[in-house]
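Engineer: Protein chains in written order, with my numbering: chain L, 1 to 615; chain G, 616 to 1230; chain R, 1231 to 1586; chain X, 1587 to 1942.
In short, the hints are calculated from the structure, not lab data.
Since this is a predicted model, take the numbers as computed values, not measurements.
Any given hint could be a false lead.
As the list claims (entries may be wrong) - In silico DSSO-like cross-links for lysine-lysine, where the CA-CA straight-line distance does not exceed 27 Å:
#, chain 1, residue 1, chain 2, residue 2
1, R, K1567, L, K191
2, G, K1182, L, K567
3, L, K190, R, K1575
4, L, K190, R, K1567
5, G, K810, G, K773
6, X, K1931, L, K119
7, L, K9, L, K190
8, L, K191, L, K158
9, G, K805, G, K774
10, L, K159, L, K207
11, G, K810, G, K708
12, L, K159, X, K1613
13, X, K1735, L, K190
14, X, K1827, L, K119
15, G, K1113, G, K1010
16, G, K773, G, K734
17, L, K93, G, K1102
18, R, K1379, L, K191
19, L, K395, L, K487
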Amino acid sequence: MVTKHVEQKDHVVVRFAGDSGDGMQLTGDRFTTATAMLGNDLATLPDFPAEIRAPAGTLHGVSAFQIHFSSDDILTPGDHPTVLVAMNPAALKTNLADLVRGGTVIANEDGFTDRNLEKAGYPANPLEDGSLDDYQVFAVPMTSLTVRATEGIEGITKKEAERSKNFFALGLVSWMYGRPTDVTLRWIDKKFGTKPAIRDANTAAFKAGYNFGETTEIFAVHYEVKAAPAAPGTYRNVSGATALAWGLIAASARSGLPLFYASYPITPASDLLHELSRHKNFGVRTFQAEDEIAAANMALGAAFSGHLGVTGTSGPGMDLKEETIGLAVALELPMVIVDVQRAGPSTGMPTKTEAADLLMAMYGRHGESPLPIVAAYTPANCFDAAIEAVRIAVKYRTPVILLSETFLANSSEPWRLPDVADLPAIEPNFAAGPNADGQFLPYLRDENLARPWAPPGTEGLEHRIGGLEKEAESTGNISYDALNHEKATLLRAAKVAKIAEETPELAVDDPDGDAELLVLGWGSTYGTIQDAARRARGAGYRVATAHLFHMNPLPRNIGEVLRSYPKVLIPELNMGQLLKIVRAEFLVAAEGFHKVQGVPIFSEELEHEITRRLS
Amino acid sequence: MVTKHVEQKDHVVVRFAGDSGDGMQLTGDRFTTATAMLGNDLATLPDFPAEIRAPAGTLHGVSAFQIHFSSDDILTPGDHPTVLVAMNPAALKTNLADLVRGGTVIANEDGFTDRNLEKAGYPANPLEDGSLDDYQVFAVPMTSLTVRATEGIEGITKKEAERSKNFFALGLVSWMYGRPTDVTLRWIDKKFGTKPAIRDANTAAFKAGYNFGETTEIFAVHYEVKAAPAAPGTYRNVSGATALAWGLIAASARSGLPLFYASYPITPASDLLHELSRHKNFGVRTFQAEDEIAAANMALGAAFSGHLGVTGTSGPGMDLKEETIGLAVALELPMVIVDVQRAGPSTGMPTKTEAADLLMAMYGRHGESPLPIVAAYTPANCFDAAIEAVRIAVKYRTPVILLSETFLANSSEPWRLPDVADLPAIEPNFAAGPNADGQFLPYLRDENLARPWAPPGTEGLEHRIGGLEKEAESTGNISYDALNHEKATLLRAAKVAKIAEETPELAVDDPDGDAELLVLGWGSTYGTIQDAARRARGAGYRVATAHLFHMNPLPRNIGEVLRSYPKVLIPELNMGQLLKIVRAEFLVAAEGFHKVQGVPIFSEELEHEITRRLS
Amino acid sequence: MTEGDGQGNGQEQAGGEGPVAVELTKKDFTSDQEPRWCPGCGDYAILSTVQGFLPDLGVPPWKMVWVAGIGCSGRFAYYVDTYGVHGIHGRAPALATGIATARPELSVWVATGDGDALSIGGNHLIHSLRRNVDIKILLFNNQIYGLTKGQYSPTSPEGKVTKSTPFGSLDHPFNPVALALGAEASFVARTIDNDRQHFSAVLRAAASHRGAAFIEIYQNCNVFNDGAFAAVRDKQAGAQKNQIRLEHGQPIRFGEQGEKGVTMNPDGTLSIVDVGEVGEDRLLVHDAHRPEPSLAFALAHLAEQPVGPTPIGIFRQVSRPVYGEAMDRQIADAQEKLGQGDLAKLLHSGDTWSVE
Amino acid sequence: MTEGDGQGNGQEQAGGEGPVAVELTKKDFTSDQEPRWCPGCGDYAILSTVQGFLPDLGVPPWKMVWVAGIGCSGRFAYYVDTYGVHGIHGRAPALATGIATARPELSVWVATGDGDALSIGGNHLIHSLRRNVDIKILLFNNQIYGLTKGQYSPTSPEGKVTKSTPFGSLDHPFNPVALALGAEASFVARTIDNDRQHFSAVLRAAASHRGAAFIEIYQNCNVFNDGAFAAVRDKQAGAQKNQIRLEHGQPIRFGEQGEKGVTMNPDGTLSIVDVGEVGEDRLLVHDAHRPEPSLAFALAHLAEQPVGPTPIGIFRQVSRPVYGEAMDRQIADAQEKLGQGDLAKLLHSGDTWSVE
Ligand SMILES: Cc1ncc(C[n+]2csc(CCOP(=O)(O)OP(=O)(O)O)c2C)c(N)n1
Ligand SMILES: Cc1ncc(C[n+]2csc(CCOP(=O)(O)OP(=O)(O)O)c2C)c(N)n1
Ligand code: SF4
Ligand code: SF4
Ligand SMILES: [Mg+2]
Ligand SMILES: [Mg+2]
């Protein structure tokens, strides 16, 4: 039994890569949970192909999962993996370029068959031809070792046994980084309880992988990554998709409004439908509509009926919902539209991330039809964003667009669980009776310019509303009056603008108050911006950061903030959409940094953009 | 026989107002044609109710038609009528406020029955109670005089006879302003040739009205409005709707591309479908689709097939077409989308004008999907705008949005007919064969970054394109490559931006080159801006004007122009959409003047906005 | 259960509270908005019949919702003094589905046109029918686009000359009843705007039907398509002899004295016959409750256009699970099995860890 | 003319130039893009059958267009080496309508899925069928949303447990053949992905049909809905005895030795019988050419789900005017009557005046 040397590490970035059929996402998820349980801070970046199950061994069939974990608090899944687990040649080929020079490659030797090498376009076996000399390569016959480990298990075929090889890899890497094994073993028991053979095979493979690291000479060292400092509390690891779904359920619970979620499946928004449909015991109604137009109308109908009407989709579906959203603007009913942005235009790259729907959210409808917009900026923040979107929608009787992103939806991070009692209360304030001496005026507005919400069922409040222009301040009857139309237009705009009176001011992080450059962000760039600013400050640059949560209306102090810095940089996963809004509104010569590659901005990229502007 | 005194006038604004059933639009049209034939310059403003045929005598059932004609060149239908023809109390009630103080009211006395007075909410008969003392009122029993005039006509019922009263009014006003009678009489012959009784009744009514003016004492004077100076040539009166439809036919003729117009009816765009469907002998295919989404896809399919694919709609339909327009951006096929803007949001005021779809045209699609936008600015200019939209679409292989407005579509003006040979030639330049040594690469771009257009039917050019991201510069095969996506995004934007290299620079009208304020406009505000600037200059203010035709990309010199004036004013029939674009792009502190009342901006309103900024 | 005795569409609720305290009258269903249709429009007759019928239903106005799309028909929602939404073009069935699914106890009605429901809204219509959502759909079929001033619609006959088809339309029209049957509709009927009695009877059956009810109403647009239904609508045009009034369980006969009838041939095709010649007992007996929709479908095709003998009445009326109720049941079941949702429990479910 | 002998769908054109010079092979219809479906997916079988059939059609690849929507099925367009458009979700029939109406001489095919064609695209499907546009629609029905990883579709059976319906779906499914018949389709057929011979025969009939042809293909999604069609698709599951193969003019019988058959009862309902008992001559004779669609409709309802005896083959095939051709005729007529359009004449038509 060789003794192994233990090294401390504070940052590790591991990427698991293999065939879509190899279960890399599952492997990554399990490794993430074990890591979370250990108290490391972490961020993940799943990356799967568009194809469901592309032919084995092909380059476009590669599925990958990256996790960055650390003993300090971290903000991004990491620009470059330090460790690459490659289950076959295609996985190596498509991911090697991202690996840090001198990084570690753990390859499944058995996957490097001539057939697979050819499919990946390798003339020779890179594990043997020295082309990986710049890296630390561990070639491990994972498949055969797995098969061996599972021998004698009752009722398991060789094919099934081979499928357990991802658990071998998981075991091995778990050993390398001292991850707890019990969490994973417990999960296997639970998950495959009904299929004992599979359960036992996976268990055996996992242990074999772990022991392989422990016992063989191949690995001289393994690593320890201490728990990251964290505020006291109970934590869980959560993805943006789950957090958003739970946020809607929380808003429903806090408002007492039954949640009605109507949606038409679309990547990456479908996960919201999937998650919500599992929680009917919360009184959640999920409706898979015939298309996005129907989904939006169903949610609006539910809203008219006094439910919490929500519809969710991604870019192409947003295009289709615009007309209905415009109707909601005219009806002034509470409704939330979730847009999990993906790479466009058109069908684009459905599984890749982008944040290029902001201007559509602002201006995607004909005529003047303003509405509030909230944008989530971390996976866990999707929970708060959902609650805030609902709060605004209900208080102001307006449709609200909630922007998320593919990256936020799929990525995960540790989340300190809030105390339910501390969540904002949301008051539906349904109209109880007539509001104008004995009469009910559906467009008589309150101090927030919001109109009464009077769902069917209350005697005396019968009323009719529609998309034609209406008398703007009391009856809501159809009106073709010229001045009323202008008044109505101004009122709809004023109501949205008014929200800024109560939303928090834009907070600026300017450690020494002497920054020369403000980096203003929104959405998923949050982590990258914080990380890059940190690095730049470390290098002696004076940088301030601020991040938007409310995209419309903007925080009331943003003009001041922008004007108080000589330089403003706005990094976006689009061609400069917030940039346009800010420049038009405040006439500040803000500059943009744009990346539209279907992946997040890397800290090093942004750091460079910051520093070159300050040198 | 009384002798009548003739007075010269250089400007007259007449408004015909009556029940939707009274045929006021027809009366206005006829008067307009006679006026045009006389060589006056003119501009018209039809204004009809949303209802098809609202109950007779009601206020919301009033239909009106305003014409401004003059012996100089004029630019707007006029802020206020000088003459109001009111066929019933409701017409008087709803239109009197617009009439200039001291203006002329010609009322159909017979229409002022107790029933009608009550429906219009008149406690007493305004023709008798002195409430019109500030005006010059002529009460004429048009109905009974018409019935009398039509007595003895073979096979005409009293009811039918009464329906001819609008021709009596037409005859009377024609006399008042010395309009030629032959044009109208010829038209009646032609139009009602198949219904002799009706023809004779209308003829008799018209003559009776004319003679009534000629013979009775009531009218002491009548007026002469001399022909306006005009460039030599053949003229016709044309509405924006007709001009746009003919522009598409012209573009089809000049390009040799058969026109395929797919549309779903919607006010005010339906007239394009109606007009085009009459010209099948030009090889025009018109397709009434099941909805706007289908219409857009059919036009796109026709474009793929090598036809001139065009689809037209108004606001609500634009919302629905956005996803398909995004596909066209990805496919890079020539296609024109006509948006005849109307008052929104949502269903809004379908028969009223507005210009609030500019930002939607720019940003209404998810993801980064830029496209060129052309905006017509006078009725006749719709003809040129249609040709220019097609020219750009075909040359750059891109969807183009052509913006018109309800006001432009319905209004009319004299049009000096172009020589067909002078119209721009449009070269389809279909791919004739392989473009890369023996191979056909559907995304291999030319010097304009445009890709080849290869409709089905040519051997060897078989290719497949779609909405998924594609290799950007040659094969167009599906690509998930990160850098390719960014390249493709930049290429799509660059192609659109490149158009500015060939479009004309923005022309500025600054008579003395010393203006302190530039009024920048787009769309139907053209006439008002010219008129208001003229007035302001007359009052000694130094004002320059410039009007946009290409909304995207903007003329290459616009930045320069904007920066060369201390003040910039942008009047719009929206809440400031061009304003946002210009401020974001050039960081100039332009100010906006916004009117959203469903009617055009009045010259006096804009004049005030100009002068108060210069005082 | 058998049809007809259903207490769907808001009645349980109303019933649940015992007979509605106040006697309801037509006035209770008449809003303060003055109708703005063209004088003589068939929509006036429809409005008056509906307002006259609703009080009998026993559902108070505040438990009823009228949803309409865009079109002349769409204005309907403003005139009935209940809760109402005038949505966007073609989407009324989807909007109404949201309402009826969120609040199954409400009585939800849809007023729509042939363009609204069959052209732009065709997809929502067929999906709401197959799901059997508890909404009652009144299709105002005037075979024309009224509000947009006279273009042909998906029900206009081939060759129809309209503003958009000066050379005649090329479209083969839908047979709305057949389309609804092809879309799995559980209740399908046809009636006529000006036949108050027949119309009211159909409304009554539709209201008591549990699930989606589809009613095609022949509606005269006297401005843009006057007389399109003359053969079955106008006495002078001999409407009596052309109306084939379907009655469940009754032999199908028609004509002034019922001298004509419908028989089924061995190959399943239908024929119109002289009852005198073939004898009453050979006549086809209408069965609206037959689970399999082929008979209703065959009757729908007895007349492709209402220019001759044309069936009206209830073609099909069968029992199927009601969408909104089924969803409520799923929720009740889930709450029974998993217990009322507890937010804190949800947040803490699965793997968590604590930091002191 | 009678059906079958039609020369629609691009063949005139091809024919017009005499038999295509080069002998066409499967290779001519195989693009350089490698299919990316899951191993074992039924789509592979469909692709191979189609590519094997197309050469017989005699239409050269450059006169053919494949249009697809979004879905696993949508990828089809990339693999056939003709002109092709991969449009957006649900709109393929509309896009194809534009192509077929602009260029009636082309052979236009649509590849779509049960979600693409029946959920989001339902409206375009039914309208293209009623218009009888000359497009051939292949519906890849796998009763599931494949590309989005397994939600139920409008053809999934009630109670279906999927990612979006963990407690079972509440939707009553469409019967695609019945829906198409309700939408006035002139050609409606059903076949099975792995039955190359039957599939090819149906394709041949569809191609020669003049106008819209609707073909439902039972397609196995082995990842998200494996075995949904086992009863009619898998030999081990006894597919033979469950396939009711409809043949025009033939008595409808099935089973290993044709021991079973279908009869029509006096009330028009259909029954499955033992041929031995009732005798061959009592069997229903299939008539796909019957103008009236009720027989086809009844056959469509013989099986609501493919879990037992299920008809496959051509349900209906009748002749109707073809949309694109009709439009061309209108243009030709107009040009004959009014003469080739003359732009200058148009501009100067009506009232004009001159200024010297
Ligand atoms: C998205 C959209 N497209 C088009 C229109 C214009 N539009 C309003 S009503 C209508 C059709 C009306 O026909 P129908 O449904 O038969 O109703 P009717 O007026 O005949 O009662 C159309 C095309 C619209 N309002 N919205
Ligand atoms: C507008 C829009 N909505 C949703 C989607 C997501 N989407 C892509 S394919 C699909 C359905 C696929 O099911 P089906 O049509 O049956 O095809 P299959 O994958 O089963 O072959 C959906 C919902 C989309 N691409 N566009
Ligand atoms: S246009 Fe026709 S349908 Fe519309 S209101 Fe007038 S008569 Fe009625
Ligand atoms: S998901 Fe199903 S339908 Fe799609 S490719 Fe895989 S097996 Fe075929
Ligand atoms: Mg209609
Ligand atoms: Mg499917």
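Engineer: Is K1827 of chain X within 27 Å of K119 of chain L, Cα to Cα?
Structural biologist: violated, 43 Å
Engineer: Quick one, are K190 of chain L and K1575 of chain R close enough, alpha carbons at most 27 Å?
Structural biologist: Holds, because 19 Å separates the two Cα atoms, which is no more than 27 Å.
Engineer: Check whether the Cα positions of K810 of chain G and K708 of chain G lie no farther apart than 27 Å.
Structural biologist: violated, 35 Å
Engineer: Starting from K395 of chain L, check that the Cα of K487 of chain L is at most 27 Å away, please.
Structural biologist: Roughly 21 Å separates the two Cα atoms, so the pair holds.
Engineer: Can the restraint linking K810 of chain G and K773 of chain G be considered satisfied, given a maximum Cα separation of 27 Å?
Structural biologist: holds, 16 Å
Engineer: Is the hinted pair K93 of chain L and K1102 of chain G satisfied, with a Cα-Cα distance of at most 27 Å?
Structural biologist: Holds - the C-alpha atoms of K1102 of chain G and K93 of chain L are around 22 Å apart, at most 27 Å.
Engineer: Is the Cα-Cα distance between K1379 of chain R and K191 of chain L 27 Å or less?
Structural biologist: Given that 27 Å is the threshold and the Cα spacing comes to 63 Å, the pair is violated.
Engineer: For the pair supplied as a hint, K191 of chain L and K158 of chain L, confirm whether the alpha-carbon distance does not exceed 27 Å.
Structural biologist: This hinted pair holds, its Cα atoms lying about 21 Å apart.
Engineer: Taking only the CA atoms, is the gap from K190 of chain L to K1567 of chain R under or equal to 27 Å?
Structural biologist: Judged against 27 Å, a Cα distance of about 20 Å means the pair holds.
Engineer: K1113 of chain G and K1010 of chain G were given as a pair; does the straight-line alpha-carbon distance stay at or below 27 Å?
Structural biologist: holds, 12 Å
Engineer: Keeping to a limit of 27 Å between CA atoms, is the pair of K1931 of chain X and K119 of chain L held or broken?
Structural biologist: violated, 65 Å
Engineer: Are the Cα atoms of K1735 of chain X and K190 of chain L separated by 27 Å or less?
Structural biologist: holds, 24 Å
Hint check: violations occur at hints 6, 7, 11, 12, 14, 18; the rest are consistent with the structure.
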